[in-house]
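Input sequences plus hints: build the corresponding full structure.
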Amino acid sequence: MQLAFTEQQQAFRAEIRSWLQANVPAQPLQTFDTEEGFQQHREWEATLNQGRWGMVTWPEALGGRGCDLIEWLIFEEEYYRARAPLRVNQNGIFLLGPTLMEYGTEEQKARFLPAMAEGRDVWAQGWSEPGAGSDMAAIRSTAQLEGDKYIINGQKTWSTRAVWADWLFGMFRTDPDSERHRGLTFILVPLNTPGITVRPIPQLDGLPGFAEIFFDNVEVDVSNRLGDDGAGWAVAMATAGFERGLMLRSPARFQETARRLVELYRANEASASHDPQIREAVMRAYLDAESYCLSTYQTACRLSQGGKIGAESSTNKIFWSELDQNMHATAMSILGARAELLAHAPAAEGVGTWLDGWLFSQSGPIYAGTNEIQRNIIAERMLGMPR
Amino acid sequence: MQLAFTEQQQAFRAEIRSWLQANVPAQPLQTFDTEEGFQQHREWEATLNQGRWGMVTWPEALGGRGCDLIEWLIFEEEYYRARAPLRVNQNGIFLLGPTLMEYGTEEQKARFLPAMAEGRDVWAQGWSEPGAGSDMAAIRSTAQLEGDKYIINGQKTWSTRAVWADWLFGMFRTDPDSERHRGLTFILVPLNTPGITVRPIPQLDGLPGFAEIFFDNVEVDVSNRLGDDGAGWAVAMATAGFERGLMLRSPARFQETARRLVELYRANEASASHDPQIREAVMRAYLDAESYCLSTYQTACRLSQGGKIGAESSTNKIFWSELDQNMHATAMSILGARAELLAHAPAAEGVGTWLDGWLFSQSGPIYAGTNEIQRNIIAERMLGMPR
Amino acid sequence: MDFTFSEDQLLFQDSVRDFLVNEITPERLRAGWETDTGRDPALWQQFAELGLTGITVPEEHGGLGMDAVDFVLLAQECGYVALAEPLVNHALVAVPLLQDIGGELAARWLPLAATGEARIIAAVEQNLMVEDAHVADLLLLEREGQWFALEQGQFSCERSESIDPARRLYSVTVQAGTAPIVEGARANALRAACLNRGALGCAAQALGLAQRMIDLSVQYTAERKQFGKAIGSFQAVKHHMANVAVRLEYAKAPVHRAAYAVAEDASGAALAVAQAKLMACEAANLAAKNSIQVHGAMGYTWEVDLHIFMKKAWALANTWGDAGWHKQQVAAVIFADGAALGAGATFQ
Amino acid sequence: MDFTFSEDQLLFQDSVRDFLVNEITPERLRAGWETDTGRDPALWQQFAELGLTGITVPEEHGGLGMDAVDFVLLAQECGYVALAEPLVNHALVAVPLLQDIGGELAARWLPLAATGEARIIAAVEQNLMVEDAHVADLLLLEREGQWFALEQGQFSCERSESIDPARRLYSVTVQAGTAPIVEGARANALRAACLNRGALGCAAQALGLAQRMIDLSVQYTAERKQFGKAIGSFQAVKHHMANVAVRLEYAKAPVHRAAYAVAEDASGAALAVAQAKLMACEAANLAAKNSIQVHGAMGYTWEVDLHIFMKKAWALANTWGDAGWHKQQVAAVIFADGAALGAGATFQ
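Residue numbers (my numbering), protein chains in the order written: chain A, 1 to 387; chain B, 1 to 387; chain C, 1 to 348; chain D, 1 to 348.
Derived by calculation from the structure, the hints in this document are not laboratory data.
What you are looking at is a predicted structure, and each value in this text was computed from that prediction instead of being measured.
A hint or two may mislead.
With a straight-line cut-off of 30 Å between C-alpha atoms, the simulated DSSO-like cross-links for lysine-lysine are [stated by the list, open to error]: (1) D/289 x D/229; (2) C/289 x C/225; (3) D/229 x C/225; (4) D/289 x D/225; (5) A/308 x A/109; (6) A/109 x A/149; (7) B/149 x B/109; (8) C/289 x D/289; (9) C/229 x D/225; (10) C/229 x D/229; (11) C/229 x C/289; (12) B/308 x B/109; (13) D/225 x C/225.
This is the structure:
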């Protein structure tokens, strides 16, 4: 055990820190749930890519830096510390990218990875279907192989950022007689293909953060298939593994929220002190965010030395999503009568992005497998309780 | 709506207050989980009965005062306020007593009620069996009718205070071929009958607060049957209804705990102030205890005017048991390093009965139908959610 | 001791509930978000016809002469439908305040309040924003211990948008040179009474909101299937809802007691109101949290109705005093020397 | 950056776990409650043979020269079996303190500590009671900023019984006229280090206790049937246990980091220890609460083993600083001007 960064790690930190200082836009970008904001974020991805900071964990040959997990954590710390923009293409970079590297043909890699890295192609995810929810094996959308084309019919939903995305990666049933996990195929679909209708779904704040996607005899070339026909489940599990893993919820995100919460509390201590729950919650936010960071480093080090993520990784989702919700709830309590005001409201002094964060935090315990499902998994797979 | 006591109610309060002032033992009695303490409490029941304060809700003809629910609440307030002893015979007075009045023959009433009121007969309850738990319909102990005797075989458990009690009221399967709720009979059994073995079960504090009771060809006269043969379920439901109702968890109990908690907090504020959770919890204890009182008065008034207790009564058990557990947990936090000390320990200054209360509070969410079962009932019967 | 509502009160509640549930549908609420004022004069006129605008106006001024106990059940129903019209402020806060102010002002405006010709709104310094200032025919406003009686034109409004699109919140500036109508100790007493009434209104609506979110969730989880079963049959979903039901059940009596204390102008009214608001808003916030959870991703959308009630619950928790403010009231009483606590103290 | 334990450390943990689980059975613990001292010299001798009594004693004094990082996993295992012997105090607190004191005292006692001939116990003013004072061959005691080195006979003991019958707690009075061995600033520094080590020991044991209560509960609920099903198959029971698993999982790394900070004598050790103890004891308290609940009435009995671990968890939460004391440490750091918080600050 040696809890200090190497000189090389420190140099890496210094490098990204100074690049971010020079390049992070002075004005925050608009939310990427608007068309204009989406375009701003796409440009930011290109800027990141020019600095070779867009996909630091990718191999150098693919424009990345081949960072290990510790370097990735350092990168994230500096990224959040600099208040750099959210990643509009995280579906591509963290989920599809690694899956392509593992399952893609050389041609597919060449075709998709650079465009993804440059922010030219922004990717949406096509997992959920109406009535299927967290139960991916219940997928009913079909892709029928005719010659060298798949003919896709059906419907996907809850596809984040799909309103303005370029491509969708998703799972379709290619064997109509198959059930559950069998007979599913992983297919990459350009969203401008005829027969596709994207219907925005407005979320809690009224903005179209996700969409339903309807497929009506959509023709996709067979070369867009990732992995073998009928082998989609295995491919998707790799993606889901990444999703549930570290990459999308870096400790830095929650530590910065906790830091801002401490600041907010101190700035409003006169009124906040009347509610002892607030002080308690602020301390707890700090402790939990730190613990999340420590646990993540411990896991990262273990993985670096060849360890495997076990069933205990299911605890991750519950811990960060409840932490995030609690921190934002506490901010709402501190803000009191100001809490409900939109950021641009004249009287919304000091509200900043807390309300947006509060709304967003509502999705944490729900998406990517509700926390109830995660608790079942912990009980059954980690603790070995009866099904 | 008229939230003030009538002159008559105030006079009643004054009467019980002055009687208690004159009669409550200056020294607290020993716990009735010891033989000596049990005897002390039995004598206290006799004292109460001499003052006609033992079973105030019973009719005057049976030695009670025919109190309505509001008077009973007033009685309880004064009783807890005076720190009068716990009721060793509550099984008899609040559960079996009313059931006897409804289902007993005149002979049974004459035989059992006065002895119960005087504290001569202390009653234990015989519901639970090993492997049956909250599922009363799974009872397997049998009572076989032979001539004018029932021959009882089997085992009961979790029988509170049964170690030193005189009688047991319980449910036995009289039709060996019956299932679930059918074929059960409600029988009153003298615990000194040959064939009965009482095995004390030590509880968390090491004292035998409850017992297992083994029946080996125990002969009981048929005149000890309450209600008809095979009609035990209906009789028992009346008892369970009382048990789940108001009588055993009067708001006064929790309000006095909350009051003492405020006192404890104020006496230890210098150290307790470092943990904001404590101040929050103390305020919450006060609010919840008051709410419990208000809700109880509201229900009592509604019942007095002919209303019925509905499915919302299932919320009662969860509310008071969690309140009680939380209040005692808070006291433990305030006491810090003193919390673990037994009351008689030299260093246990200020600990008083908090540790005993904390241990006892652990049973609240468990007994008489765990809180999980209560939540199922609320969801299914009160909210109408699918089974 | 009679802690029940009268037959008449319960019947009135029933009829108002029927009216509101039929009229104030989620579709109608959504339509209101898009209009200029967000408020509906036709609906107000219907309230007037039902006697609701005049419910607390004394009979000699054309009202029904009822009090907070009569109104509290109706306020719950207003919460149940997330009513956007300022009926609760008008009837529970502003009209009684106007009565307390009395004199010519009351004589002139109470009859107009009764007929619904005037919407009266009250607000105190403690309110950061004044809801519905834009449609107030008479705004009774406290600032720095002075009360002003303002008609449109005598104050300026700047709107701040709320996450709840039904709420219309304004920063209000009194026209320079406007004379206060009450000052000093009497103004402070009016402010305290006004705060109690405003917070009581929030608490009562929070009860209704919590009930509505339970109802929506029970219905949704009975219909929605996952893994081949209605999700409402999963124990975790049931227990989420049962936990809300418990907190809601025990928030009701405190709200009704607070209404009584307000109606009687009891010395403990501030404590009773603080307790009511804390318990009721906590129940509503828990209802919001658990309801969105059992709705899954649907609950996160604009299309499903849940958010209408959730956002209003969030907002009311911080209106007319946030949790810290009301906890301060509680602490001041219970941590005082010689505080009357414990068994038997509740109704003293 | 390497946040892992070495092969050797993990192997040592495995072998100690095997030993402890085999030897320290609940039956043996129960037998210990009935004995005069509650402590078992034969067991202590076995610890000595395994090298455990000398694990932190420098090699030149016959020990293994290991540190808090080496010991923390073993302390977890001590918690897992609810070990009553004062091994954690001896090895993690008292021996390092004795080393810090140094001089003749250390030279004389460290070899005896290594061989297990002497049990050394440390305690500070912050400890209301001194656990195991009755079996201390050397008691290092801080009172009012002065350290005393006391052998049996140089102090008197008055026992106070704990709800945990395995704990032997004493109020200690130093014989009048005994001279302190360290005073002033150095004494305060020793006290601070001692508190950190004591609290770390509690935190590590709390991890083991929480795990044990999970294991007992999982086993019990798999065997126990109700309504025809193993109660462990009910979602409510599963979720009770899953909630404990989550809190326990995220308490581990803080405890390991605190061990590192203590071993390195890092400036942030007090904060790291406070975090570790708060997180670990909270997890253990939650484990106790949810475990007794899923055990049902059985959990409330003396016969089922759960209470052995539950009571120890309750006690440790308030030993070597209760929650308030440790929250004070946290607050002092995070609410200070210029506090280093947020992303990237954790390992600075």
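Evaluation of the provided hints:
no., hint, verdict
1, D/289 x D/229, "holds, 23 Å"
2, C/289 x C/225, "holds, 21 Å"
3, D/229 x C/225, "holds, 24 Å"
4, D/289 x D/225, "holds, 21 Å"
5, A/308 x A/109, "holds, 26 Å"
6, A/109 x A/149, "holds, 20 Å"
7, B/149 x B/109, "holds, 20 Å"
8, C/289 x D/289, "holds, 24 Å"
9, C/229 x D/225, "holds, 24 Å"
10, C/229 x D/229, "holds, 19 Å"
11, C/229 x C/289, "holds, 23 Å"
12, B/308 x B/109, "holds, 26 Å"
13, D/225 x C/225, "holds, 28 Å"
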